[in-house]
Structure formats: structure tokens, C-alpha cells
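**Student:** When you get a sec, could you build the whole thing from the sequences and use the hints?
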Amino acid sequence: LSASAKNEVDSAVNADYIVTGKGGFSKSVVPVVSRVPGVTTSTVVYQGQFEVGSSLSTLVAATPADLARTVNLHITSGSGASAMAAGDLLVDSHTATSDHIHVGSLVPVKFAQTGSTTMTVGGIYKSNPLLGDYVTGDAFFLSHFDNPLPIAVLLSSAPGAHGVLGAVNNVLGPYANVGVKTRAQFEASQQATVNQLLGLIYVL
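In our numbering, the protein residues as written are 807 to 1010.
These aren't lab readings, by the way, just hints derived from the structure by calculation. You can trust all of the hints, since none of them are fake.
In the BS3-like style, the derived pairs of lysine-lysine whose C-alpha atoms are separated by at most 30 Å in a straight line are: (1) K833 <-> K987; (2) K916 <-> K932; (3) K916 <-> K833; (4) K932 <-> K828.
**Tutor:** Given below as C-alpha cells:
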């Protein structure tokens, strides 16, 4: 389990640095960290609840531009970033198989703010717990949720760039609930969470 947690991060995240908080955080964090010298790509991540068919599920959204520099979707059918930019829905392969969904399927969905609609499935990606079951582009997400807050900003840096981590830490000084980790540090934190659970199991 512990090794799997590390591998999932390593497989899904290409970003050099991951900015996260305790839940959602101020939108002003995004331009602040994106302007740090050496940062070349920033991907903003959102998360919210929506209904798929008759079930409540979690929808993850991200900035599709230059997505491959920060996230690896492992697309098995259809497309990734281009489908997200078009407002299509990406579905993980396990869910797609169990629900008989394929690229081009029309999926009935419902949002608390905007009501019922349908989404076209634009891609199927290899299952990964970090990504969840459903992913779409940030433009579509923002049009169906009332002023959502980002939950993460994924940053990639220029080859050979130095001091980026320290600079991001400095600009995040005014934001007490937001921090930055390297990809290796983020992997370690995911492993630590699993290890805490394993420790409890050992005690029991």
C-alpha cells in the first residue's frame, strides 16, 4: 500500500512543485505562484460534487493548457487536454467499464447551481486514485459551480532553474494555510498517510 501510494503520485503527477492548502484556498494564490521566476507552467485544480446518473460523485477539473507538463492522464481512448478544453468529460477506465461508457457516450449529470445537463465523454484514462473517476476542464467546471476555490496548483519549472522552491515559499508567506512541496515531498506525504493507517492496523 505504501509503495503504491508513491507510485500513484509518480505516475500521475509530472509537476515539479505542488501547492496545496487545507481544503480550498484563495484564488489570488494562483497568479502569485505562477509569476515566480523559473515557473513555466501552472495548472489549477478544482474539485466539487455532482450527480452522474442517480449517484453523487466527485468531479475534478484542471487547466487544460500545457497539461502534459504537470499531469499524466494515461489516456487509453479518446483524448485528454483537448477534450477537457472542449468541456467534455473524461472517465477512468474502471468506471467506464462498469458503467458501459465509451468515447462519445452522452452522460446525464446534475449540478447544484445549474441543474441537469448532459456531458459528452471525450476520453478514457487509466484508473488512478489521485485523479478520481471524472475529470473535466476548468472552464466548464467554473460555469457550473458558484465561485469555487482551487484545491491545488501544479507548477513545472524551466530546466536548470534554481531557487524556485524557496521563491514559492516566500510568496506564500501571507497565506498561512497554503504550502508547497516538491514532487518527492508530496509522494512522501502520501506514503505517510498510508503508513499512519498501517500503524493503526498493526496496533489492532
